[in-house]
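Whole structure, please, built from the sequences with the hints as guidance.
In order, the protein sequences belong to chains A and B.
Each residue of the first sequence is one higher than the one before, counting from 1 in our numbering.
Each residue of the second sequence is one higher than the one before, counting from 1 in our numbering.
It is worth saying that the hints were derived from the structure and are not from the lab.
It is possible that part of the hints are untrue.
[What the hints assert, rightly or not] Derived DEER-like restraints, expressed as beta-carbon distance ranges:
{"hint": "1", "chain 1": "A", "residue 1": "Arg-50", "chain 2": "B", "residue 2": "Phe-63", "range": "35 to 41 Å"}
{"hint": "2", "chain 1": "B", "residue 1": "Val-19", "chain 2": "A", "residue 2": "Val-474", "range": "43 to 49 Å"}
{"hint": "3", "chain 1": "B", "residue 1": "Ile-28", "chain 2": "A", "residue 2": "Pro-47", "range": "33 to 39 Å"}
{"hint": "4", "chain 1": "B", "residue 1": "Met-65", "chain 2": "A", "residue 2": "Ala-57", "range": "35 to 41 Å"}
{"hint": "5", "chain 1": "A", "residue 1": "Pro-47", "chain 2": "B", "residue 2": "Met-32", "range": "24 to 30 Å"}
{"hint": "6", "chain 1": "B", "residue 1": "Arg-25", "chain 2": "A", "residue 2": "Ala-317", "range": "38 to 44 Å"}
{"hint": "7", "chain 1": "B", "residue 1": "Asp-92", "chain 2": "A", "residue 2": "Gly-504", "range": "40 to 46 Å"}
{"hint": "8", "chain 1": "B", "residue 1": "Arg-24", "chain 2": "A", "residue 2": "Val-460", "range": "39 to 45 Å"}
{"hint": "9", "chain 1": "A", "residue 1": "Leu-30", "chain 2": "B", "residue 2": "Ile-28", "range": "33 to 39 Å"}
{"hint": "10", "chain 1": "B", "residue 1": "Asp-92", "chain 2": "A", "residue 2": "Gly-134", "range": "18 to 24 Å"}
Remember, predicted model here, so these are calculated numbers, not experimental data.
By construction, the Cβ of each residue, glycine as well, lies at the ideal position given by its N, Cα and C atoms.
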Amino acid sequence: MIPLSLSETTLPTVTTQAPDLDYWLLSPLLVVFAAGVIGVIVEAFVPAQRRYSIQTALAMVAVGVAFVLTLVQVGALPADSAGLTLAFATVVVDRPSLFFQGVILALALASLLLIAERRDGESAFTGQAAAVPGSEEERAHVLAGSQHTEVYPLVMFAVLGMQLFTAANDFLTMFIALEVMSLPLYLLCGLARRRRLFSQEAALKYFLLGAFSSAFFLFGIAMVYGYAGAVEFAAVRAAGSSGGLIDGGEPLLLIGIAMIGVGMLFKVGTVPFHNWKPDVYQGAPTPITALMASGTLVAAFGAMLRVFYVAFGTTVAQWRPMLWVVAILTMVVAAVIAVTQRDIKRLLAYSSVVHAGFILTAVVAANADGLTGAMFYLAAYGFTTVGAFAIVTLVRNPDNGAEAGDLTQWAGLGRTSPFLAASLGLFLLAFAGIPLTSGFIGKFAVFEAAVAAGATPLVVVGVLSSAVTAFFYVRIIVLMFFAEPAENAPRVLKPGILTGTTVGLGVAATLLLGILPGPVLEHVIPQPAAETSEAVAAEHTAADSLFAR
Amino acid sequence: MDPMNYIVLAAIVFTIGAVGVLVRRNAIIVFMCVELMLNACNLAFVAFARMHGGIEGQVIAFFVMVVAAAEVVVGLAIIMQIFRTRRSASIDDANLLKN
Chain A
1 MIPLSLSETT
11 LPTVTTQAPD
21 LDYWLLSPLL
31 VVFAAGVIGV
41 IVEAFVPAQR
51 RYSIQTALAM
61 VAVGVAFVLT
71 LVQVGALPAD
81 SAGLTLAFAT
91 VVVDRPSLFF
101 QGVILALALA
111 SLLLIAERRD
121 GESAFTGQAA
131 AVPGSEEERA
141 HVLAGSQHTE
151 VYPLVMFAVL
161 GMQLFTAAND
171 FLTMFIALEV
181 MSLPLYLLCG
191 LARRRRLFSQ
201 EAALKYFLLG
211 AFSSAFFLFG
221 IAMVYGYAGA
231 VEFAAVRAAG
241 SSGGLIDGGE
251 PLLLIGIAMI
261 GVGMLFKVGT
271 VPFHNWKPDV
281 YQGAPTPITA
291 LMASGTLVAA
301 FGAMLRVFYV
311 AFGTTVAQWR
321 PMLWVVAILT
331 MVVAAVIAVT
341 QRDIKRLLAY
351 SSVVHAGFIL
361 TAVVAANADG
371 LTGAMFYLAA
381 YGFTTVGAFA
391 IVTLVRNPDN
401 GAEAGDLTQW
411 AGLGRTSPFL
421 AASLGLFLLA
431 FAGIPLTSGF
441 IGKFAVFEAA
451 VAAGATPLVV
461 VGVLSSAVTA
471 FFYVRIIVLM
481 FFAEPAENAP
491 RVLKPGILTG
501 TTVGLGVAAT
511 LLLGILPGPV
521 LEHVIPQPAA
531 ETSEAVAAEH
541 TAADSLFAR
Chain B
1 MDPMNYIVLA
11 AIVFTIGAVG
21 VLVRRNAIIV
31 FMCVELMLNA
41 CNLAFVAFAR
51 MHGGIEGQVI
61 AFFVMVVAAA
71 EVVVGLAIIM
81 QIFRTRRSAS
91 IDDANLLKN
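Here you go:
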């Protein structure tokens with residue numbers, strides 16, 4: 001036997017301490033995680049025909065309980081608290097992180113209703129993903145009525161990743177959260193019941209581009225670690241003002257900011273990192289598209305705000321020009337491309353890219369109003385977009401039952417299905433930012449913050465881009481209400497209670513946040529504290545002054 | 001030896017991986033290039049940990065390895081599925097989603 005050659009003296013001394021985990025404060029994360037793990041066990045031990053009901057109930061109860069726990073924690077957080085760090089300071093609980101978690105959980109619940117929807121025993125997901133499309137094996141599984149209830153644990157893990165992404169307090173935790181969020185989504189994208197080749201292709205593209213971008217994100221983290229000697233946001237922030245550990249290490253920080261920025265901008269899908277979005281949104285099963293378009297966007301912007309406001313809060317001058325360019329490119333290029341789209345899901349995808357550009361103006365602002373504006377915008381956009389995708393699931397081709405994506409087929413829907421067309425019309429008006437809808441208040445909030453930060457040219461571009469996008473939203477409304485029904489008119493399904501609830505939730509949120517935004521802006525969205533002194537901000541506090549309240 | 005050399009090496013390996021992702025057409029090769037990029041990150045983490053005299057960077061490298069392993073599981077499943085359907089792992093053949 002070979003004796004261990006490393007003596008204790010050559011090893012760096014590491015003091016081990018018992019982990020001090022505050023399970024109560026971590027409970028919203030733990031509940032969702034537990035639901036995912038139990039879901040996997042259910043898959044292994046419960047007979048196939050009973051899995052659907054158990055898995056749906058488990059997932060919805062878990063997300064609902066986590067949502068309630070988040071609300072309770074908001075109430076329990078002391079009014080003057082700057083936020084608490086947990087689990088060796090890897091997770092932060094403050095008002096912005098709780099707000100983002102609450103919004104993500106609500107949107108996940110709305111998406112889960114779409115995921116759980118079944119018509120004649122058919123869900124939106126393939127019966128057997130391993131069967132080759134068009135093969136005998138696939139037909140056998142369709143006849144046997146197989147279904148993938150693994151979807152629910154995968155969604156739970158994705159939601160857990162989204163929650164943790166907004167609550168991470170260091171770059172390592174954030175990277176892990178990014179992967180926990182992304183890996184299940186890659187798989188879920190490839191599980192569509194119909195048009196399976198499209199779906200598999202979407203999964204491949206999303207996976208390869210997603211892995212590529214997270215490698216950039218990770219290399220950026222390595223550079224920042226080299227500069228600051230730590231990956232905690234507070235330490236990176238302090239190093240940003242004091243000058244880092246390595247002499248002449250400034251380029252490391254700049255490369256790090258740029259590469260972390262690339263990873264983040266890919267996840268939110270801004271030009272020039274937007275190419276995956278239309279393909280993936282179109283190919284993925286529509287309930288999953290709804291989850292990605294709402295939850296992932298909220299999570300990615302939540303994380304982005306924390307990284308750029310807290311970790312890089314002392315180096316604003318270095319990253320602001322980069323985000324300026326990206327925001328302008330996004331608002332201009334995506335709006336122009338969106339005009340030419342013929343497919344409703346691709347159009348909504350480009351619309352999502354444009355909206356990411358609008359929210360980016362709030363990130364560029366780097367002030368307290370930018371934070372609250374972005375938070376309101378994300379909540380408003382999330383609910384509207386879930387509702388819009390819920391409607392997409394209802395309009396089907398008459399011959400094969402696949403979703404009728406082609407916009408020409410939507411002509412005259414206002415006459416045949418007035419309620420459905422009116423709901424979609426409302427969502428489109430909200431996307432366009434028409435007053436009395438939530439989209440208007442959101443746009444107003446982010447643009448106001450950008451002007452206050454001296455980014456007026458950005459706002460001018462934003463307003464012009466809004467005008468271009470309004471054109472194609474209104475074009476669809478005109479098509480639905482004032483055009484003759486098309487030859488190949490789609491079959492509109494009666495919304496079941498699940499899809500109906502999601503559409504209703506979207507309509508209610510869009511109107512409520514549009515007509516009465518005051519209570520939400522005052523009470524729900526955390527108001528930042530007054531300017532905290534630089535000395536306090538530079539301390540190793542949990543979050544910076546903007547995130548303090 | 002100056003640890004900064006290892007950082008330069010990491011940057012070179014990362015660049016090779018990134019260029020590979022952009023120019024190669026086989027999904028498996030593209031995926032291998034992504035793994036190369038992750039390994040370059042690990043090298044950078046470990047080299048920086050040595051420079052700073054701490055172990056945090058080395059611990060991060062372990063986490064990255066686990067994440068990379070999970071990514072392999074998901075990625076190969078997706079690529080296998082595409083290959084079984086199309087008898088090809090070329091990412092240029094996967095072009096249905098273009099309008």
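May I ask you to test the hint 24 to 30 Å on the CB atoms belonging to Pro-47 of chain A and Met-32 of chain B?
violated, 41 Å
Between Ile-28 of chain B and Pro-47 of chain A, is the Cβ distance one that fits in 33 to 39 Å?
holds, 37 Å
Asp-92 of chain B and Gly-134 of chain A, beta-carbon distance inside 18 to 24 Å?
holds, 22 Å
Is 40 to 46 Å right for how far apart the beta carbons of Asp-92 of chain B and Gly-504 of chain A are?
holds, 44 Å
C-beta pair Val-19 of chain B, Val-474 of chain A: status relative to the range 43 to 49 Å that was hinted
Roughly 44 Å apart at Cβ, these two residues keep to the hinted range, so it holds.
Can you tell me whether the CB distance of Arg-24 of chain B to Val-460 of chain A sits inside 39 to 45 Å?
Holds, at about 42 Å.
Distance restraint hint 38 to 44 Å, applied to the beta-carbon atoms of Arg-25 of chain B and Ala-317 of chain A
holds, 41 Å
Within 35 to 41 Å or not, the Cβ separation of Arg-50 of chain A and Phe-63 of chain B?
The hinted range 35 to 41 Å holds for Arg-50 of chain A and Phe-63 of chain B, with Cβ atoms some 37 Å apart.
Pairwise beta carbon distance, Leu-30 of chain A to Ile-28 of chain B, judged against the given window 33 to 39 Å
The hint (33 to 39 Å, Cβ to Cβ) holds, given that Leu-30 of chain A and Ile-28 of chain B are roughly 37 Å apart.
I want to verify a distance hint. Is the separation of the beta carbons of Met-65 of chain B and Ala-57 of chain A within 35 to 41 Å?
holds, 37 Å
Hint 5 from the earlier list is the only one contradicted by this structure; the remaining hints agree with it.
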